Each structure stands twice: as C-alpha cells, then as structure tokens.
Amino acid sequence: MLGLVLAVAIISFTLLHIAPGDAAVVIAGESGSGDPELLAEIRQLYGLDDPFVTQLGSHLGRVATGDFGQSYRFNESVVSLISERIWPTVLLGITAIFFAVVVGIAVGVYTARRPESWASHLATILALVGFSIPVFFLGIELIILFASVLDWLPAGRMRDLRFEGNFIQRWIDIGEHLILPAFTLAVLYLAQYSRQTRASMLETLQSDFVRTARSKGLSERTVVYKHALRNAVIPVITLAGLQLGTILSGALIVETVFDWPGLGRLAFESVLARDAPVLLALLMLSSVLVILANLATDVVYRLIDPRIRVGGAST
Amino acid sequence: MTGLFIGNNDGGNSDGDGGGGGDETAAGAPLGREALRLFMRNRAAVAGVIILVGVIFMTYIGPSLYDQDPSRIIARPLQGPGTEDVPSFGTDYLGRDVFAGVVNGGDTTLRVALVATLMIVVIGVSIGAIAGFYGGRIDTALMRFTEIFQVMPALLFALVIVTLFEPSTMVIAISIGIVLWPSLARLTRAEFLRLRNLEFVKAAQAIGASDARIMFRVMLPNALPPLIVATTLVMGTAILFEAALAFLGLGDPNNISWGYLIGQNRGSVLGGWWTVTFPGLAIFFTVLSFSLIGDGLQDAFNPKLRGR
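Read top to bottom, the protein sequences are chains L and P.
Residues in the first sequence are numbered consecutively from 0, following numbering that gives the first Met the number 0.
Residues in the second sequence are numbered consecutively from 0, following numbering that gives the first Met the number 0.
Next comes chain P alone, as it looks inside the complex:
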C-alpha cells in the first residue's frame, strides 16, 4: 500500500500488431528509440544522468585520484573547511578527513542498493507474474503472502532483521530486499492481469507455447516500461534505507558509508556542520539522480501522462 508505484498505465497498450509474434516489444509502447529521444529531450532526466555519472565517477575513480585513508586521523578534530593544513571538507570528531570519507563512502551504499534492488526485482517480478498470469486461487494465495510483508513497517522490519543477524553488507542488502519487494510484485501483477486477455497472449497460448515462455518471453517484455520506472525508483529507496540503517549504527563496521559517517558525527553537529553536511549531500544527490531518471523514464514511456 505504498501508493508510490501503483500507476495506471493506460498509455502502454498495443493497438498495432496485437496478433503478431509479440516476442520482443510487440506492444505500442515506445520502448526503444522513441523513448530514448523523449528521455534525452527531458532536461531534468538528463540532469539526473549527469549527477549519477558524477557520483559513479567520484566513487570508483575518486579514491585513486584522492588517495587518502578515510579512517586515519590526520589533524585535530572538528577543523572546519578553510582551516589551514586541513583538507577541503574539514575533519570529523576524531580528526579524520571528511572529504576522504565522502569519496570512499559511496561504494558500500551503491553495492548494497544494487544487490537489494536485484533481489527485489527477481522476487517481485516472479511473484507478481505468477499471480497475475494464473489468477484465481494462486493469485489470492500469493497476494495474501505479499500482504504479510506489507503490513510490517519496512524500516522497522529491516532493522529487526539486521539486529538479529549481523550488520554485514550481505545481510543489510538482503534485509532491504525482503522489506521492499511487495510494491514491485503488486505492480507486476497488475500489468500481467492487464496483458493476460490481450490477443497476442491468446495467440501464443494457441500455438502451444509453455506457460513460462508466455510469461517471460511474451508478456514480460510488454510489461517492461512501468517495471523499469519502478526499479529505478526502488534503487533510490534502497539507498535511503541503507543510509538510514547505517545512520542508526547498523552499517557494516568494516566498510565506511555515507550514512555511517553521519551517524558517527551526530554528537558533534553543533560544533561542526561540515562533518554531516557533505556525506548527507552525497546521499541526497545520489537518490535525487534516481528520482529524476525515474520520472524522466515515466514521461518517456507514457507521453500522455506528462506533468502529472
């Protein structure tokens, strides 16, 4: 019941070759070149791509250009930016280099979010596809199962999982995956319910294609546009979850991450705004880039809904 990802996509329906093979992208949704053209014309979306490229560059090229250990104490604590002999973003409450932390803190966050998102897509799409394709009792049972995960508040549930097990990168990613898959399952189910009765699916059934083939080779490609949008937005949410867990002290103690830096320096914010502001901005811009790209994709796939 997040409401965030439940869009009604009346624009993606086929009116062209409905009876045709329907193998790759039979439906009329402008999935390919047309969508790319619309996307590139969207200034906000392009800005999102540029920000994301910047974040990836900083995270994966940055550490080799700025070769400083983020956990080494290099100066007196809480020296602000602009102080002599102190790196550009100042030092934190122990005297560690904040800039080095920002440069090195993205890797953990992005890795956790990527694994979590992968998991969300695999679980969500499988359950949603099976529920929507078969309908009836299977659908009811699977949706009941999904509901159980929806009534448990996501962050609290993730927190409980990580607390009970261990705050390793893998457990954190899995916990985020476990709490966030329902929205994607519901979306996939809705798409499959819509596609199920269309002619090209009937045609595929008539020529004797297997259920699995119909679900994943015939229907899934036609359900892709809203799923791609939702996946992009889920990536942003996963980053926010990782950051929140790390902030609460449930980050992998062996890996620095942006949320962890903020949690560590929380006690000294009044004496040094820079210790939390720079890592916070890093998280903000990363999530923002995914929001912008998601919105841009939404508009590109569904030009009719623009501006909503």
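This is chain L alone, in the form it adopts within the complex:
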C-alpha cells in the first residue's frame, strides 16, 4: 500500500521534473517580472538548482509530513486550498454514487426479471447511451433543457449569489443546485451498475439455492428480494466501492461544466494557470483515495462473503 503511494509520488515528481518549462519562470510570472536576479533567488528558495535526487528526496520528505508546497497561482498553501474545496466534491460525489447505486440496482433487478419487456429494452438502450455520451456534452444539454428551455433549475454554481435565508432554506438552495451536476455525474455509473446488477441477477436466479428456495414454496417476492438480490448485489457494491476513489476524474468535468466549487473545478483552474503543485497534490490525493477505497472494499467484501476468505481474492 505505502509502496504504491510512494510510487505515485515519485512518478508525479519525475514528470514535473522532466517537463519542459522553468518552474522559476512560472512562479515569477505571478509577480509579473522575468528579471534574472529574481529568478535566481526563486531557484535558490525552491531548491530548483539541486540535483534531481536531492530535490526528489526533499519533495518526498515534505509530502510525508503533509506539506504539498505553495500554489503558484494563489499565494496559499496547497493543503489549505484543497481543504477549502473538498466538501463540495464530497457532497457531489456521494450524492451521485448513492443515486447511481439505488437506481442502478432497481433497474437491473427489473430488467433481469422481465428481460423481454419494452422497459427492459429501453433500459438496455439507455445504458448504451450512458456509456457513449461524453459527460460534458450531457451536462451542457441538461443545462440547455432544464435551466434555459424549462427554467426549472439553476444552470451552475453551488448557491445563489444573492441568496438570503435561514439554514434550512440555504440547504434547499444548495439541493436545487446539486440536482443537475449529481445526475450528470451519476449517469455513467448508473449505466454500469444496472448492467452489472442485471448480469449477476440473471446468473443468481438460475442458481441452485434459488431453485431450492422456490421449491420450498417461498413466494416469488421472498425468493427474488431476500435470497437472490442479496447475492446479486455483491459485485455491484464492490464496483461502487472501488469507484468511490475514482470520482474525482468524473467530478473534474462535471464541476467544470456546472461551475461547482470543488476539487474538480480546482483541477481545471490549475490546468489553465499551469499550477503544477496543486495538480500533483490532487493526483496524489485521489490516488490515495483509490487505494483506500480498494482496501475498504476488500475488507467489506470479506465480511459479506465468507467464500472469498477461503478462495482468496485477487486484488
């Protein structure tokens, strides 16, 4: 685990090092001068003239103590910048995954039970659309439809700028702003979860223990929801757990489209400003998240399904 984090840190720092362009110039760019004395001073200050291994070593040392340096763009530490922007992303990501899991499982179960109904065919087509549509395109089309044509929901940001009101009204306002971005982010996951649920449900419904449950004379409802579903959702929950860590990739686009003030939007702004320290910290942070999500999923998986402990899962 730690080895992976270390590897990510080394790769990201190496990338930064071999990339063309002088970090000193970027840093100086903010103060608006290309004066060689200032550049030399900045190089001295940031240790940019040291040999690669020394720089890598001090970088890793700082990262280990939770110091990701200063943002080039804002004269602010990367850590405080990230901690300011993390909560909107958490809110967005959890809402989206939760929605995708619940609706995805419901759709998957329905289509597995009635594979030939028109609703199942529609779900298959929608899943295909969900896989193939660019996230930013979907977001923009939703803005056009719901914010412009129908005028039901706000087009972007997290709260209304002129908004006044008490605590509850404020959260209702945030909720209204959350609907479109959360749905947009959820669509890709929704398509995957419904497909996965359908596949494992079809398989489970043919297995011996379901036949046993049926032959005991249990009602169809009990068989499907108590016996089959519990086993069929395990792979879906696993998938969702693993993807919780990758949510930042999706949030990157969704937050940019909807002006949502989270980490994804921060990543986009950092790209525009060529703000490398922030980008590297975000890459590190999300890699750690992925690793933790993997680990947690593995643990939960073993708790739910004793067969894994016997067979040994591959990570």
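Just so you know, not all the hints are guaranteed correct.
[As the list claims (entries may be wrong)] Cβ pair distances, simulated, as ranges:
hint, chain 1, residue 1, chain 2, residue 2, range
1, P, 48, L, 112, 31 to 41 Å
2, P, 60, L, 147, 30 to 40 Å
3, P, 60, L, 56, 40 to 50 Å
4, L, 168, P, 48, 53 to 63 Å
5, P, 45, L, 76, 56 to 66 Å
[Unchecked claim] Covered by chain P, according to a simulated footprint, are these stretches of chain L (three or more residues, beta-carbon under 8 Å):
hint, stretch
6, 7-15
7, 126-136
8, 140-147
Derived from the structure by calculation, the hints contain no laboratory data.
Values in this document were obtained by computation on a predicted structure and should not be read as measured data.
Glycine included, C-beta positions come from ideal geometry on N, C-alpha and C.
Go by the hints and put chain P onto chain L.
Chain P only, in chain L's frame:
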C-alpha cells in the same frame, strides 16, 4: 479495477484439436466465418458499422464535398439553423460555420484515438502476455507496476501529463495511451494464465519452440477474441478522453476537434444550443458505433453469453 473489461470467457476454450499445431486459431472459438455470420445477424452491431462508416465518410470525404474553412468568420455570431444566408447548423459565438467545424473536427479525434489505442494494445498485450506466461515473480512485479497506473485516476493523470508537456496531437495521444493500458494488460494476463496449462501450449514447449514464439504465435491467436472486443471498446474510451481533454482546453490549438468546439462555445450555450449540440452528437455517435461493434463482437465470439 475498471471492471469494464474483465469478462470471464468460458466460451472460448478448445475442445477439438487441443494437441494440434495451434498455429493460427487452434481453439474452438468461432473466430472466423462463424463469428462474422453471427455478427452480421446482430442488428445493433450492423448499425454500429453503418454509423462508423458514416462518420469516416463525413470526416475524410466530407471536407472535399463541403469545402468551407471552419475557422473563418462567415456571418454574424450565434445565428441559429434556419436563419437566412447561414449554413445549415448555424454559426458559433464568433460567427464561424458550425457545420464546417463538425465536418472537419473528426480527423484529429480519430487520429488521436487510433494512436492511443495502438499504444494501449502494444503495451497492454506485451506486459499482460509476459506476466501471464511466466507467472511467479515476473508476474507479481509486472502487476505491481500495472497497479501504480491503475490507482491514479485516468483523466486527471492524462490532464497532468498534457499540462506539463504541451497540448500537441502526439502528446495527447501518448497521455491517453499511458493512462488506459492497464485494463488491457490485466485482460491479456488473465487469458494467458488460462491458456498456459492447455495441451497445445505444452506441446509447443515440448517440440522446443522459443518463448516468444509460444507467446505470440501459439497463445496470442487463441487469446484474440476477448482482446479484439476490449480493443474496440478502448477505442471508444480513447475518443471520450480526447474529447474531454479538448473540452477542458487541452486540445492541439492548431487542429479543430469536436471537443474543442464544445469547449470554445461553452459560454454561449444558453444563446445558441446548436453550437455545442452538433459537435456533441458527432462524438456521441462515434463512440456509440464502437460500443455497438464491441458488444456485437462479444456476442459473436461468445454466443453462450448473449444477453448478459
């Protein structure tokens, strides 16, 4: 851990001439004519092929039929489709011809996706084949290496690479290749682990064939069906990545692409839906065609798994 490309292929196993030469397609998977027949009977898959042919026709024949410069300002900005003296798809926020943009925007996207996919296949198949064939420590080491690339969120990693270097067509293609190869490596490894102990591989070893020959002439042809399916789907993913990067402003500034057109016009969507909708549909249909073809191939290679 994408989960997308990890299929268990119990249908591709040989039961026929397991001990035979195993040179081209020894295993029982209906790779050739039978698969083609099944594929052509699949209406969705055929629709995918037709859409793809349409996209290729529009991209490579279109510009000579509709000879307009997509970066030239031809009318007032944000004139909708149907306005007099304005091309059929309207004009964008600067007054450029949206239809010309759509016709000319596919070349960059397809080229980037093709180079990226080629890279993904070469890296993924080599690493997966070596890991699966040798097993043991080599396998462990290579899979650890693969994991490093899997824990970094793909889009963010690609974004960082392109930001640090330059948004040229080549860098964009390479960055997409670097972030997407692990899924193919894992799939190839799984296939090779499965094939490794089969009789025809043992037979090839017994007659003294070299490792490289066994891997690429004996085993690889038998691992092809799932790899072809995965490659088709990866092509779609690569297109989505190129579009996303271009949308975020990391496209090659010298080449118009569909994603770039959408990113450029993002500020004026409320005043002109056509500026983003037509390029967006172009990306959507292109990716859709690869999804349909991939699904069709999957069914054709594995008739038992149909409908899953």
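So, going through the hints one by one against the coordinates:
no., hint, in the structure
1, P/48 to L/112: 31 to 41 Å, "32 Å, holds"
2, P/60 to L/147: 30 to 40 Å, "35 Å, holds"
3, P/60 to L/56: 40 to 50 Å, "57 Å, violated"
4, L/168 to P/48: 53 to 63 Å, "54 Å, holds"
5, P/45 to L/76: 56 to 66 Å, "57 Å, holds"
6, 7-15, "holds (count 5)"
7, 126-136, "holds (count 9)"
8, 140-147, "holds (count 5)"
Consistency note: the structure conflicts with earlier hint 3 alone.
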